[in-house]
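Fit chain to chain and form the complex, with the hints in mind.
Here the protein sequences come in this chain order: H and C.
FYI, in the numbering used here the residues of the first sequence are 344 to 661.
FYI, in the numbering used here the residues of the second sequence are 2 to 274.
Hints are computed from structural coordinates only; laboratory data are not their basis.
Among the clues, some could well be false.
What the hints assert, rightly or not - If you want a taste of the chain C side facing chain H, the calculated C-beta under 10 Å gives, among others: (1) E172; (2) L180; (3) Y269; (4) Q273.
Each residue gets a CB set at the ideal place from its N, CA and C atoms; glycine is no exception.
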Amino acid sequence: MAEQPRTGTDGANPARATGTPRLLVENVYKRYGARTVLDNIDLSVASGELCTVVGPSGCGKSTLLRIVVGQEGATDGKVLIDGEPVRLPDASRGIVYQKYSLYPHLTALENVLLGKVLEHPFYRSRSAVAAHRDEAMELLARARIAEHADKYPHELSGGMQQRVAIAQTLIKRPRIVLMDEPFGALDPGVREEMQVLLLQLWETYKMTVFFVTHDLEEAVYLGTRVLVLSQYYTDDRGPAAGTDRGARIVADHALPRCALPTVVKSAPEFNDLVLRIRHEGFDPGYLRHVRDFNLEHPDAFQTLTPEEDGRATGRSTV
Amino acid sequence: MRLPAYFGVHAAPSPWMGRLLVIAPFVLLIAVYLVASHLRLSENPDDKILPSLAQMADAVDRLAFTRDPRSDEFVMLQDTLSSLKRLALGIGLAAASGLLLGMNMALFPGMGITLIGIVTFISIIPPLAILPILFITFGVDELAKVMLIFLGTFPLITRDIYGTVKAMPREQLTKALTLGADELQLVYRIVLPQVMPRLIDTVRLTLGGGWLFLIASEAIASTDGLGYRIFLVRRYLAMDVIIPYVLWITFLGYSIDWSLRQILQRRYRWYQS
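Looking at chain C on its own, in the form it has when it is part of the complex (with noise of 0.2 Å):
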């Protein structure tokens, strides 16, 4: 029997043409782009919505390849940099502080109804709705936009945690107590190294509400940083360095979760099954 290439939900798309399938949407895009902005830029030369391939390579090279005359730095470095900084900042302290709390609360029921009332509470607020109060709490610096991502993807993935350890079957605590661990051996050397490749999982996850909270941060008040950047050009209509702004920032985010895929696969070849 020969099953349809394409059509049907028998369809087998064979090896070459699954390839050739996943790059044709982003073929288009790029074609439609292109025929657009060269229509757009052969009635007016000067129109600054559809830039040109060509305008956008300047573009890059101004920022990225060329030393900013008047800080001596490589603006697209120093933005990343800036960034990739508090990306990780907050996102990290979320991921410990989100770990060590779900896992807690999920293991000791009297931590557990102290304090998921609160955490579910605080997972409800909107982020951005509490922006000027953190901005007027903690400054427009660094800390802000670091307690924003924080306060944004922490409630999460403490939530994740929680839900995970809570699911584990009961029998597997009891084993361990019967192996002759104690409590805090029950938490640290039974449940941790098992919720380990959730968390990663759950960080995946979160990372792209991260990436929203860091670009409205930065948008709001910053000196540097790749949100800045796109915002501060904005007022210019320069979409030549928006657009190569936006691609940057999502295979930064791609390249992100990539390498955590990796560190699933490579390290917790258990936890794929």
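Chain H with its partners taken away, still in its complex shape (with noise of 0.2 Å):
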């Protein structure tokens, strides 16, 4: 399938763009037997950008991000992490789960220090504790959670583990940090708090974020950019292929590159924009066609077999 005919309807052709995206995801396909959850999606992400990912549940958000730390194959397609394909999980990419990203027996700061530890041999983690704890300490304080560094993480509440664990990926400085629905299972005051310190050490650490959540408001007030992945599409398959549609990029927004404070959540243009994008990708009466997708993104690209656009048979410009 990878060598098949292309079309780039937006004209963007990952190749030609100016320099390396952090994160390349070309023609990716993930099946399950006969279902497919993913169906050809492109997506390049750009560094220092926090790109968001919505979608109605059970679209393959979760699967998607799989894939990008390596955790899941892709049954079809690349994934390129600048430049270079990703294989099994390493520490190029971070992760941040809604739970278990911590390690039980640790404590907080055993945890943040935990891939400082890893670099040396086990008989000499004794000295590579005590040469890393200010810098693990010093990302503590930055997650605001540093008076609560030597309590295991039963002794914490959500909230306080979240924190923890940005700082635990954060000490390996990753190239891009995954998160999966972070922040999904927290208080709705906890939240807005965690994502206000998201951006800020978004800001401080110049990180390039692939963030995961179901939750629009979320997407749209943390993302430089809020890609909408969704099943409620249409193309040129026909309704025999209806079945066996996979979830691909349905919008692209890019959004503001500044933290905002929390008050835009209740202003019109933001309202607006949440509002757009459940109607794009939230409703399964609304199936717009893969060639008037709304990829308004300067990164955004989409290649397109021949099946999908009809219209492009032999029209093939890779």
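Written as structure tokens, this is what we have:
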């Protein structure tokens, strides 16, 4: 499938884009038996972006994230980090899950230090801890959880645990931080605090973040870019393909590249965008054709197979 | 509202009453024994089935606090040391191999598929049924006894550790890899410290079986040991020795369990939650 002709409807071939994107996902499919979950996913994320991914539940957001981290393989297609194909999980990609990010047998500080301690043989653990303690404490302080450094995860609340989990990931300075609904299990108030914290850390550490969430407001508030992943669309494959149509990126919005206070959540433009995305991605009755997706972000690109785009047969531009 | 002190699902016994209630069945049991023993002995002073406290104290004094004229040793001490050595060796080997096997089988699917069938198979064989094979193969010395305890307990420990590691969230393993761990570090620096307290718990449970296999093997072929002594004096209906020995074994078992529990509470504070 990788060799078939494709058309770049947005005219932005990733190979021609200036500089190598931090994350490049091209023609990625994921099938479980006969069921297609991800259907020809194309996306390119530049360094420094806080890219959020939203979509209806069960559309395959987390699957996409697991493919990027390397926990699962794509059925077809390629995933590159800084131009290098990803394989099994490694330190180039950090990850924060909704839960289970922390190790129950280590204190908050030890959890953060783990990434550094593992760089040394076990008999030098003690000196590794001494060498990196200040760095870990600094990260915990930035995550505003330093006063609980010596507590075990079970002694911390959900929000505190996620603060530690973010610090734990940052100590390795990964090229991209993947987040899988990290604030999904938190109370609304704590959730908002965590969103503000994430934006602060993103600015401080110039992180590149790929953030999966089902919460539209969170996606629009946090993101410098919002990708909408949805199975509600149509293409030229006809009704026969209807049952076997997986999710793809149906919209790609560029947002201001700066952290904003939470009051923007009540601004009319903010709510308009949320409503628009809800319509684009979450409405099963609204099926836009693949040629007409709202891919307005400059890094957006889309490759279509001749079956998907009947008009394009023989008009390959690859 | 007053909660009932004893009856019903809402009963809330006070602390001192709780302590009293714990002791009550023991007191009752001892009282019944003493009465029955007294009745039998007053009928026939040579009766051996229910010895009096004095007779038992006599036997303990003879076995525990005076040197045996033939071997010049304290018999009970010698029995205890021999038995504990066998138990420690058998359970220790089972714990070490069960931990390593279970952990690696759970983390490396190739190894898991290869071994889970045979481990399950071995775990279902009744260990006592192969006791003759062990005596034939490993001789009637220490090795056969240790092997019986080992074979009787290691499949259970292996399967328990296997299940525990299998049940660990997959996210934890991926997470470790993204923190730079390689596969060996994943096994020995991420997973091992997390299953250690579980191993202690599993050992606590398998110790019951361990004692069973220890006493069974000592009963059949041995020259010392707690089980050997009990089955030796059984021929003379020496209940005055058997009862103190059983109590002593119970005490040893309880002490080991208590010590393991202390280790769990002190070293693995995070585990209890």
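Hints not upheld, ascending by number: The structure conflicts with no hint, since it agrees with every one listed earlier.
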